[in-house]
Every structure is written in structure tokens, then in C-alpha cells.
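> Spelled out, the chains give:
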Amino acid sequence: MARMNMIQAINSALDVLMDRDPDIVVMGEDVGYFGGVFRATAGLQAKYGKTRVFDTPISELGIIGVAVGMGAYGLRPVPEIQFADYIYPGLDQLVSEAARLRYRSAGEFTAPITVRSPFGGGIFGGQTHSQSPEGIFTHVAGLKTVVPSTPYDAKGLLIAAIEDNDPVIFFEPKRIYNGPFSGHYDRPAKNWSQHPDGEVPEDYYRIELGKARVVRPGADLTILAYGTMVHVAAGVIEEQGIDAELIDLRTLLPLDIETIEASVKKTGRCLVIHEATRTSGFGAELSALVQERCFYHLEAPVERVTGYDTPYPHSLEWAYFPGPVRIGEAIKKIMKD
Amino acid sequence: MARMNMIQAINSALDVLMDRDPDIVVMGEDVGYFGGVFRATAGLQAKYGKTRVFDTPISELGIIGVAVGMGAYGLRPVPEIQFADYIYPGLDQLVSEAARLRYRSAGEFTAPITVRSPFGGGIFGGQTHSQSPEGIFTHVAGLKTVVPSTPYDAKGLLIAAIEDNDPVIFFEPKRIYNGPFSGHYDRPAKNWSQHPDGEVPEDYYRIELGKARVVRPGADLTILAYGTMVHVAAGVIEEQGIDAELIDLRTLLPLDIETIEASVKKTGRCLVIHEATRTSGFGAELSALVQERCFYHLEAPVERVTGYDTPYPHSLEWAYFPGPVRIGEAIKKIMKD
Amino acid sequence: MSTRPNLPPLRLHVPEPKFRPGDEADFGDVPIPAAGATPRPAVDSAPAAFHDLAYGLVRVLDEKGRAVGPWDPKLSPDTLRGILRAMAKTRAFDERMYRAQRQGKTSFYMKCTGEEAIACAQAYALHRDDMCFPSYRQQGLLIARDWPLVDMMNQIYSNKGDRLAGKQLPIMYSTREGSFFSISGNLATQLPQAVGWAMASAIKGDTRIAATWCGEGSTAEGDFHSACTFASVYRAPVIICVVNNQWAISSFSGFAGAEATTFAARAIGYGIAGLRVDGNDALAVYAATEWAAERARTNQGPTLIEFFTYRAEGHSTSDDPSAYRSAQEREKWPLGDPISRLKQHLIALGEWDEERHAAMDLEVANEVKAAQKDAEKNGILGHGMHQPMSTMFQDVFETMPWHLEEQRQEMLAEAKAAGIETS
Amino acid sequence: MSTRPNLPPLRLHVPEPKFRPGDEADFGDVPIPAAGATPRPAVDSAPAAFHDLAYGLVRVLDEKGRAVGPWDPKLSPDTLRGILRAMAKTRAFDERMYRAQRQGKTSFYMKCTGEEAIACAQAYALHRDDMCFPSYRQQGLLIARDWPLVDMMNQIYSNKGDRLAGKQLPIMYSTREGSFFSISGNLATQLPQAVGWAMASAIKGDTRIAATWCGEGSTAEGDFHSACTFASVYRAPVIICVVNNQWAISSFSGFAGAEATTFAARAIGYGIAGLRVDGNDALAVYAATEWAAERARTNQGPTLIEFFTYRAEGHSTSDDPSAYRSAQEREKWPLGDPISRLKQHLIALGEWDEERHAAMDLEVANEVKAAQKDAEKNGILGHGMHQPMSTMFQDVFETMPWHLEEQRQEMLAEAKAAGIETS
Ligand SMILES: Cc1ncc(C[n+]2csc(CCOP(=O)(O)OP(=O)(O)O)c2C)c(N)n1
Ligand SMILES: Cc1ncc(C[n+]2csc(CCOP(=O)(O)OP(=O)(O)O)c2C)c(N)n1
Ligand SMILES: [Mg+2]
Ligand SMILES: [Mg+2]
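Chains as they are written, first to last, in my numbering: chain A, 1 to 337; chain B, 1 to 337; chain C, 1 to 423; chain D, 1 to 423.
Take the hints with a grain of salt, since some may be wrong.
Said to hold, decoys possible - The calculated lysine-lysine pairs, modelled on DSS-like cross-linking and capped at a C-alpha distance of 27 Å, are:
no.: 1; chain 1: A; residue 1: K265; chain 2: B; residue 2: K336
no.: 2; chain 1: C; residue 1: K204; chain 2: A; residue 2: K50
no.: 3; chain 1: C; residue 1: K332; chain 2: C; residue 2: K64
Said to hold, decoys possible - Just the calculated beta-carbon pair ranges, DEER-fashion:
no.: 4; chain 1: C; residue 1: D78; chain 2: B; residue 2: K50; range: 49 to 55 Å
no.: 5; chain 1: C; residue 1: A34; chain 2: D; residue 2: A327; range: 55 to 61 Å
no.: 6; chain 1: C; residue 1: A25; chain 2: D; residue 2: D146; range: 53 to 59 Å
As the list claims (entries may be wrong) - Chain D residues, not near chain A, derived (Cβ > 10 Å throughout):
no.: 7; residue: A25
no.: 8; residue: E63
no.: 9; residue: S158
Read the hints as simulated data drawn from the structure, not as lab findings. Glycine included, every Cβ here is placed at the ideal spot set by N, Cα and C.
Put together the whole structure using the sequences plus the hints.
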């Protein structure tokens, strides 16, 4: 076991897999010699060579399109999109091509690609370095969407994602690359070295896609979260001293409905948290599913705490961010009902 | 008043407005001389000239991007995307640019564009001529999304959309261009000339965005639908003889929450219908909103009848389409609960 | 708005084709270089050494049907007859399937009439295992590779025999075995994919190259640009073919930029090899493809080829070209018909005659007819003989997740309740 | 995978810059044509008549600081001094704001050091009401147009004085009054928008033209392609400027295709006018822009200009270039520094001297310092003096829909409950 932050864990996942499978290639803007603007691919080009780890033209369309072709050849490409905010130019190749290739060829051609991309706010990145577009991808049949919340999970999930024979969108919550974050932006930053989930095996291991993690069992309320918000929620639970069951979804699609259903049927209350804008965000799907399946167990409406329906503002970042105050208020509301 | 099908009504909206406002320009693939593959722009180039109605290169990115620039100049462009399935290459210009321009310039620059695009299935168009991507747009802060279900509404809503100073996505349900459709694909096709909403004023009129239409009042169940599905739902209501309140949303964003809330609080039951794939579709948002706001009035879970979570298949179109059988079953289920 | 007395008002130029319905078509001003006149650079020359080829027209067959000049690929009579037969079979296939659509047996069809030389001669110039990423108008590749017609027809009919299980629109073929990539309904997306496939082949030290096709209208998509950029940067072993048939549904090539320059000239912009070729001259098509393939195979990088041709028929069964172009264009078009031209050449060589040609036409027509009969045994669209309903849920993912399984069960239960046959 | 004894294995070419950290930089092999050597075509010549200009380099200032050749724009000494001062002020502004970011007064900053001639000289060549669609590295446009520095700084600090209400990342300026379009964080999106603006201007018979800028790395985006295609098709009155500063964060220009050809050559691919210009020569920059503007104003269509320059500093405050390129590049770079070169020219003309230059430097430094002081009265990032919290909900739409109003109320109520100051 080693101590790793999330960047190092992702780097380790790539390293371990590239060593095992010569068909894995890593590509993207600045990922080669430099090792990525967040350093997630540092050292890989030196180790595996320029034809397996390389920089690309600044064309997200081209990056995904070329990866689809490589996948059809038989490689297992791991393209990086530098920020999730920049994935839209490549969306057609993801939605119309990668996601539908297996279907339209009845299984003859597949696109076993894993698109890694840092997402989410909390770093004063303004509207174009803070977005959380995961909801869009969960609407597209044929794509899987994964969001880790710890270094341990990041490595295990990334390995499973790359080994998966379907296209996977792997969103990395950049706010917690270096350490967990309680949402109290005015308190000293923590780093992963003090956190148990910063303990990461150096070797190969997988965390199966589609399985959520119960971060904390509880009886009074179910909280569904993923990425950065898992830590913010955990902080509020601790501060408020309530007996909430906190579920880290880890994979948004396919979703671990069993764990969710069992929990809400037990607690009778459910809060959904995400940083993405509210309307038609993934929280809407979670809310819809929970009320469809647990209706007769619910003692209060399923509530959502999310980013507001505005672009991510720069200076008012902390007013926008669904932080402890908002989550705390929502919990009080649900528990009162 | 005249008899119009939905194509003619759309054409009339464009004609009436272009005549009033010299800043309106119409552009898109094949919309000029030929008048559009569905003939929605027929005759406009001859009437208003080549610099106000013109064909474009086959680049949805360029069509939207250029329209944003024209909007910033002060024009009011009405670009057409030939099929909604082909909107993805232009998505970045819609999501990152048109939708956020007013915000990021604090109101100095705006993108008053209306993107028209035929959407939905039921015409054996296979996976690339049948999609319903509206859910994606409703997730993007800064965009309005409109779907008419009759010739009368199509004209009034399109006029309001074009006159709106924010970017509007105007999805036209191509299955009902020529006539309403009950979902019984094996019965003779109807056309608008027999339908009261095929009666359309030749002159200017607006239907305000954000206002739903109660197609049929009822006491037992609220059905939320839009586009083609309004007619399918109406057919089922008639066949089953149930007292359902059918609401045609008309504008998905901003949503007419008042009408929805009042209805569900009255009926205590709610069914949401759309053709788009289920997961993270707009139905999820509707379901989430209804249970958040009407929780204590609900007697059964909010149900969704939607397209399955697969690409739109070609030969099994009618198995995929959320038709009368599926809607009927869902109604039975809700009423039983 | 600003006006200045010393400046003219700006004007928007909107392209307009020369001829509209009712106009006399006259292509007298289209420059057609003589056959044999264009030089053939060595395959290892630098792209900058032959920019002029992007503005000319590689032509081999002259008016008398003789093969002339440095691009003559010097094919054996057997090969020539093979290409001719593939073209004839493609045309017969198109005719028959077009009619099948008109008879209501399927929803959609697209012909490649007048453009058969492109895919057919190219199939001969490429290796059988070179990977093709076609658009919807290269059915000739499959036919020239002797792919079973019944298989293609099953796809067109979306019937029980359709390997694609009725999931795709008619003519959107796919066969890994035939090295023919699943056709997409989204224009130009195959271009960067082909480049990616070629890059993968180069990463692995393979010897197979990739080829890809799009129409001139589709070159405006961002995919075209990213394909050319990536191909140039990584010197990918790929051939990018632009089939300039001058029309994109109702829009003439001016809306893709043809008023300003050729499509082959795009290659110059990217610093890659570019050729402009008479697309109705099967020998020129073959020679250019072979030359580009040799460049790719020897690590000289990508080639962009514009094939200048004419879409002799409507865009698809949904289109009626008489609404937007002169009916005369087809006959007046100066590069003729690719089948007639190759036929004339073989006859000039003394390797063919009218009788053999008529016999061949009959043979291919019968072959197509017989295949159609066989295919229709598997059903036609909308007449019950589709794949079982639950196949709809297969191949979304490798393994079916719970939500799809649940939807599948729900569908089967509802169908059962309603008495609908599901298999 | 297929191997054939008669064929070499394919290889992937992956570009590599000439120098990495620790390497000696030597630009001896970069062809630099002599100043004055490049011909200047008449503004109404057809683009095909001067393809060679896409491969050369328009240069006016020679080594001795003399203005030579047909591109000499023959500017008055006052204009020259104006451009010089704009460049110096831009550099002083950059220095100060970079330091402000390092001092924690804001989140982000981007310099244009070494590239000042491009925006500054261009601002002089364009009309004040020509519409600019810049990237994030053309702050020189605003400064040369004498836009108030305090206003720019308020934006950088996201403070109470920020007209953009703190909504945008620092340096993403926007001013309709300054004919400067809202900068986007998404690369290259401004290009088709500029073409659209120019088309609109032409549709209305206006006389104003548009100009737009992107880095060489950004030319790979689909937006670049659609901008060039639409500009070519409709002959839009627009100038598309590619600022080739040779680096895109850590990726050298080879990853945008520079190994194969120039960026100016892209113009040839689209059949539009193309120029390649010494971007560190303010006179060449001015002359090329004026020439392109005149073409646009007289309905001759678009021009694509590659400005060859060098990004002398890091990409942004988030970047450390010593990790990926030779520290020597900046000094060894053969086109020098744009400020020194124009200064040398003015001195050679007898219109300037070292003392006046030093005085000017001091003046602009003081001006910047004073502006900073004023701006900081309005607050710096993260120190409370932001706009009222509810401004966050403004300008999503023209009028606030119910769901935003509801979210706004909720936010205010929660903040109140928690004792958070909202205004
Ligand atoms: C992304 C996308 N946009 C639009 C369409 C609609 N469409 C189908 S074919 C076509 C014209 C294509 O013309 P061209 O590329 O010249 O090919 P050709 O049909 O002439 O072979 C159009 C606009 C599409 N299929 N995909
Ligand atoms: C669509 C998009 N992709 C990626 C990025 C991240 N990014 C910001 S600047 C940059 C490099 C741009 O290089 P270049 O175009 O050469 O401009 P320069 O910075 O040299 O002026 C990248 C990759 C972005 N902002 N937008
Ligand atoms: Mg065409
Ligand atoms: Mg650069």
C-alpha cells in the first residue's frame, strides 16, 4: 500500500494497466511530454513511449473521433479531455458514434474507450473550468458514466472502466484531486495523506462498475451523492450529528439501484446532492427513480441540493457551490416533514 | 383563418415575421431555393431574397456559430438543423456560446436565435432521423426549449420564440407535420384539415412561451406530454374513457409549473410521457418536480412512459414507440395504486 | 450600422448554381484537361512538389477509350472486366432496390448511379483487408469485394436475415469480415475514425491501411477538418476520398466552397498530398488510389483525393432533383458515364464487345433478381418478419444492465397482455 | 494485424519540438526572408495569384530598424509613437496584473509578452467600430483603443466595479462600446461568430468589418474550419488572424500541423486570401491588417493572416514553461522583441531616443499603478467586495423565470438563516 492523492492514483491505474495491456494508448491535449495540466499522465510517455502516450491537436472532436477508430481497430484508447467544459465539441463523436457503434453494427464494432476528464468547480475556474455535465451523458444510451470520490476508488474504478468493452465517461472531481473537501472553503485544505482512502495498493485491483459504496450507514435519511459532494455531505452529517446513510454512487450509469432502494426503504427519506445545475440534472433521474420505487416508504419528498440553474459564476463561486449551509438546511427540511 | 398543416403553419410564422422585421434571417442546409427537406421554408427565398433566406454549408457548428455572431450584430437569425439527430456538432456553440453569452457579458451581448429542428420518430427514420434530444437542452442554463403539438400552436409559439431575446430551441414533432397521430400506426393517417387546431390565422399572433395548454380537463389523473405524445395520450384517454387531465407543456423551459401543480394537486396522480429515452430524459425532471411540490397530494408514484433506453431501432420502431398499449398499461397501474 | 461616404456598402455573396429547373445546361466552361496530360509524381515525392495536381484532373481514358499517359495503371483485361462487372452489378442492384423501396418493401434507399467507378475501381486498388470507412454511397466497395448481395438486401429489408437485426436504416451496411466499417447516418463522422484506425495500425506496426469517403458537401463538417489535421500531424496511413458529385441534396457544391477552389486544394492547406481525379474514369480512379495506397503503405503519409463526378440521380428515395436542378445536367455533364467509358476502353482493346456486355448485364440482373428472391424469404420491412422484439435491447452494452433488462421484461409483459406477437 | 513480407511495418509519426529543457536552442534553420523582399499584391488581386505569400513572411523592419519594401505602411511618427506606447502599456499592464495574481489578488492572469505588436498595431489599422472577436491574448486591442485600464482591472479582480459582475474568469473582457466581443473560455468559438457578424454586416449593407483571432493550436478546432468555410462561401468581410506563437500550453505548433506546412497555407485550402507575417514587426502587422481590411471593405472577401511570433512567457499564471521547453528559446528566437524593434525604428527615424523611451516606460508604469490603486478600491477577488449575491441569477435570461426566482429567494433565505452577508 502507498499513500496517493487522486492524481497519483489515476496515474497509477494507467501505469498498471499499460504495463499489462500493450493495446492501451493515452492521448489528449498536453498529456504527453508534459504529463497533463493536472499531471495525471506524468511519466507515462517516458515509460511507454511516444506512440502509446501522446499529445494531440486541440480538437476534442478529433480526439474522440480518432479514439473511436482506434477502438474499432482493437486498441483500448484512454483519451483525456482537459476540462469537462470542453467536451462539447467532441459530443457528436461520443453520442452519435461511440455510444451507438455496438448497437448499429449489432456487436461487430465496438468503442472500448474511456474518456477521462476533470470536472466540477470549487477552484475559482469560472464558467469554463467548473462545469459538471454528467447528466447529459447519463441520458445517452450506450455510455457509462463514472465519478470517483477517493484515490482508492479512482484507481479501482478507472481500471474497471478501461477494461470495460463499452465507452465510459470518467469524470474526475478536480476539487478533490489533492484532498477531501468539506465545503468549508475558509478552513485549511486537507490532503489525502491524512485520509484512509488515500491508502492505495500499488498493484492491480478493480472496483466493479455499477456498485455504489455506503460511506456511512444510517437510519434516518438517505443521502445520494458522488464526487466532491460525498465529502461535503459527510462533513454536514458529522457536524449535524444526524444518523444519515450516505451513499457514494460511484457509477451513475449503470446505477446501483439495489443499494439505493434498500436504503431509502429503510430510512424513508432521501436527499440528492450534486454540483451540476438542477433542472434535468442527474438528480432529477435519482429523484424520479426513488419516488417510483420507494413511494410507499417515503415520509417526505425527495429533495435536491444542486448547483443553481445559472452558469458557474467566478467571484460568487462559494454562493453557487452547494455547500454545508444549503445541505444543512435541506436536511432540516426533510427531517421536519 | 385558414386550414394549415404544421409545415404550413411554420412557414406562415416565418413569412409573417420576416415581413414585419427585416432583421430576421433564415438559414440552414437546403432551406433556400429548395425550401427545406420538409418544405418548411418553401417560397421564402423567392419572397425575401437570397441574403435573408439561404442555404448553408453542411456544418451544424458553423450554422449555429454564425447565427450567434449575427445575433450579436443585431439580427434575429432562425437557423434550421435538418434533423435534431444532427444537432450535436453544433452543441458547443449552443451550450457554451449562445446559452451563456448574455450571462458572461452581463447583458451586453445576446444571442436572440431560434433553432428550428424536426425531432422525434414514427417515420421509420432509424436511429439518426428519430431522436428526441430535448432533455439535454433543458439542462443548459440560458436556453429555452419549445415543442408545439398543433399547427395553431406551432405558428404562435414560433413567433414568440423568434421574438424572444434569448436563444430558443424549437423542436418540431415531424410525425405530426401532416396530421395528428394516435399512435395506432396501423390505422389510416389523419391530416390536420379535419382537426380544429388545423385552423390557423393567417396573420400575426403569439402564444406566450412558458404557458402550458390544458388539452382536456379531468379529475382522476394528470398526464403531462408534449409534441406527438399529446395526441397519442388524447387517443388513449378517449379509448379508455377515463377522466384524465391532459396537459400539453408546449414550453419545456421555462416550464409552466403552476398549471402542472394545480392539476396534480387536484387529481393526485400523474403520468409523464415522452418519446425520448427514459434515463435523465425531461420526464425525470417533471417527475422530480411533481413529487417535490405535490408530495402530500400524490396517491400513487408519478409514472413515466418513455422511449426505452436504447437507440431508436429501425424495424422495431413500433415496439419502441411509447404507443397506446404502453400508455394504457401505465394508466391502469397508476389508477390501481 | 455605420455608413461612410468613402466606403461602398458591404454585400453578402450567396452562391447560386449555374442551372435551375428549365435552364439549358452547358458545361462548356468547366475545364477538363486532356487525358494523359497530368504528370504522375513519384510516390515518395513531397506533397509540396505537386500542388498543381490539386487543380488539374488525373485522367487516363481519352475520348476514344484509349488509356493514355503516366497514370495508366496498365491493368490486365481480366481486372478491367472485373471492375466493369462490379460497376454493372452495382447499378443493377441500385435499380432493383430503388424499385423495392418504391414498392413499399422498405423505407429508404440511396443509389450511386454515375459514381460507380469510385468505389468499384478502388476496391480493386486496395487490399482486401485494408479497412474502409465509407459514406452511404460506396455500396460498390462491397459489391466489388463480392460481398453476398443477399446479405446486403437483408439489411435493406431489416428482415430476419439482417445481421444488424433491423437496428439500422437501410443501406447502412456493416461488416468487419468485409473490412467495411459500420456506416453512420451522421455525415463525415467516419473520417476521423478512419484516421484513428490508421494511426492504430501504425502504432502496432501492422501493414493494413485505411481509406475513407465523404461527399463534397460533407467536407464542411468539423470532422473533415479534424481528420485532415490528425492525418497530417501523425502522417497516418490513410486515404481520404472526397466524392465531389456536385450536389448535396439540393445544395450545389458552391455551398461547400467550390466557387473558391477545388476540394483537392484542401490538402494543400494541411500540407498533405492531394490529387484531383476524373471520378468517372475507372482507370484514373484505380491509378490514383493505388498511388495513394503505396504512399500510405510506405509511411509517406496520407493522401486526400477529390473525385470529380456527378450525382446522376436523386439524393435518395426521399428526394426529387427536378425541383432544384436542370434535368439536362445529367446528359450534358462532360465526364460521361463510368460504365460506358470502361466498356468502350475494353472494346477498343479488343477484349470486349456489345454482345458480351449485354450478356453481362443480363447475368448481373439475374443475379440481383435471384438474391432479391432469397432475401425476401427472410421478410421485408413492416411485414412481421422482423427480429424478435427483445433484440431491441441487445447490443446497447456488452452485458445488459438492470434498467434495460427491466424495460425488456416490461415490454414483453405489456405485449403479452395486449396479445402482441413478440418473436 | 497483418504482416506482409514485401511491406514495411507502418510507423506512427509523433511530432517532437526541436528543443526540450536543457537543450541549446538554435533557430538557424527557421527561414526568415529579408525585410522588404515580399511583394505586395494589389488589394483586388485574386487569392490564387499570391499563394507564395502563405509560405513567406511579410517583413518591413530590417535589422537596422529601417522600414523597407512595398509593405511599408508609411505611418506618421505620431502613429508610430502611439503604437509603441500601446505596446509598452500593454506590457506594463501584464507585468502588474501578473504580479497581482501572484499576490493572491485574483485567481488567474494571462500575459501576451512578445506578441504585443499584433493586437496593438492592428488596433491602429482597423477602424474604431470594426468589430473584434479576440482570443484571451489580445488585451492590446483594448489598450490601444484607450479603453480605461481601471475597467479592465475591475474585471480581473471580479470586484464591485466589474461591469461583468464577477461572472467571468479574469481577462475575459467584453465591451460592446469598445467593439470588443465577450471573450470565451472555449477556444476558437469566436471564429464562426466573427464570420456571422461580418455576414450580418454585409446583409445590412453596413461598412463595418469584423476581425477575429485565435492561437495556432486552436486552428485544430472544428470552429476554425467552419469559420473559413463560411467566410469563403459567402465572401464575408472578415479578417481571420492566427497568432502562431509556436506553443499551445505545453504542445508545440507541430501538434497543430506546423511540421507539414504553414498556418497561412490553410487559406489556400479554402481559396481565400492568405498572408504570413512577421508578428514581431509592428509595421508589417499594421500593413497586412490594413491590406486585409481594405479587401474586406471593398467586397473582396476574407483574409487569413498567420502572425509568426513567439510566446515569450508561460501560457498563463497556471503554467511553468521550464517544464517542457528550452529556457533559451526566448532569447534565441530570431524575430526579436516587437517593442525593441519599433523603438529602434523610431530612433533610426530620429523621432525617438532612449530618454523619451525611459520616460514613456515610467509614464505607462505610473498610469498602470494608479489604475490599479483605483481598481482595488472596488475590491479584489475573494475579499468580500464582490457584487451582491443575487446578481448571480441575473442575465441568465432577459427576464427571470420562476425557477431562477425561486432559487434566488431560497439562496437569500438560507444565507440569512446562516448569517451570511449577501450584498
Ligand atoms: C451531421 C449531418 N448533417 C446533415 C445530414 C443530412 N444530410 C444527409 S445527406 C446530406 C447531403 C450530403 O451531401 P454530400 O456530402 O455531397 O454527399 P452526397 O449525398 O452527394 O453523396 C445531408 C445534408 C446528416 N445526415 N448528417
Ligand atoms: C475547447 C477548448 N479546449 C481546450 C482548452 C484548454 N486550453 C486553453 S488555452 C489552450 C492552448 C491554446 O493554444 P493556442 O491556440 O496556440 O493559443 P495561445 O495560448 O498560444 O495564445 C488550451 C488547450 C480550451 N480552453 N478550450
Ligand atoms: Mg455530393
Ligand atoms: Mg499558441
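> Now tell me if each hint is right for this structure.
Against the structure, the hints come out as follows:
no.: 1; hint: A:K265 to B:K336; result: 21 Å, holds
no.: 2; hint: C:K204 to A:K50; result: 13 Å, holds
no.: 3; hint: C:K332 to C:K64; result: 18 Å, holds
no.: 4; hint: C:D78 to B:K50: 49 to 55 Å; result: 53 Å, holds
no.: 5; hint: C:A34 to D:A327: 55 to 61 Å; result: 58 Å, holds
no.: 6; hint: C:A25 to D:D146: 53 to 59 Å; result: 58 Å, holds
no.: 7; hint: A25; result: 16 Å, holds
no.: 8; hint: E63; result: 34 Å, holds
no.: 9; hint: S158; result: 4 Å, violated
In the structure shown, a violation is registered for the earlier hint numbered 9 alone.
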